[in-house]
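Residues -23 to -1, 1 to 95 (mature numbering (1 follows the signal peptide of the UniProt record, and there is no 0)) make up the sequence shown, in order.
Everything labelled a hint here was simulated from the structure, so no lab data went into it. Note that the Cβ used here is the ideal one computed from N, Cα and C, for glycine as well. Possibly wrong hints are sitting among the right ones.
Here are the simulated distance ranges between beta carbons [to be verified]:
no.: 1; residue 1: Pro74; residue 2: Asp10; range: 45 to 51 Å
no.: 2; residue 1: Ile(-19); residue 2: Pro17; range: 57 to 63 Å
no.: 3; residue 1: Thr(-20); residue 2: Leu35; range: 44 to 50 Å
no.: 4; residue 1: Gly73; residue 2: Pro15; range: 21 to 27 Å
no.: 5; residue 1: Thr(-20); residue 2: Asp38; range: 48 to 54 Å
no.: 6; residue 1: Gly73; residue 2: Val33; range: 17 to 23 Å
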Amino acid sequence: MSQTIRRLLLLSLILTCAAPLFAQVTLTVSVTDAGKKPIPFASVQARDFSDSSRNVHLVADSNGIARFDVSAGIWEIGASSVNFLPGKKTLRVGPGPARLVLALDASGTLRGCLNLSH
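Build the full structure now, drawing on both the sequences and the hints.
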């Protein structure tokens, strides 16, 4: 076998083995309140622990769901919404689709009123 063919076969083998490392998987995040009701249009962030420059921000849909395309690894997922305290969880994403439910606590009650009429 010629040297060139051996090198091409070796390169092909390396690329085939390395491909799953760079594969993207779907991470589905459901943002809920403490009573497990969806929080529509929450702001959701995914941050890759191995590369802090990889931050993805999305807005959840009307069912409180955000879908990210991420690589396998450790991710910090955060969510926030009006009238709720921000929440965060760390998640290890494997080679297949991942799912996370992030429950946010209410931030409190309205104290007082603002009169805008003159």
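Taking the hints in turn, this is what the structure says about them:
At roughly 24 Å, the beta-carbon separation of Pro74 and Asp10 lies outside the given 45 to 51 Å, and the hint is violated. Distance hint check: the CB atoms of Ile(-19) and Pro17 are about 58 Å apart, consistent with the given range 57 to 63 Å. In this structure the supplied range 44 to 50 Å holds for Thr(-20) paired with Leu35, their Cβ-Cβ distance being about 47 Å. In this structure the hint that Gly73 and Pro15 lie 21 to 27 Å apart at CB holds, the actual value being about 24 Å.
Hint check: Thr(-20) to Asp38, Cβ distance near 52 Å, so the stated range 48 to 54 Å holds. A C-beta distance of roughly 19 Å is found between Gly73 and Val33, which places it inside the suggested range of 17 to 23 Å.
The structure does not agree with numbered hint 1 stated previously, though it agrees with all others.
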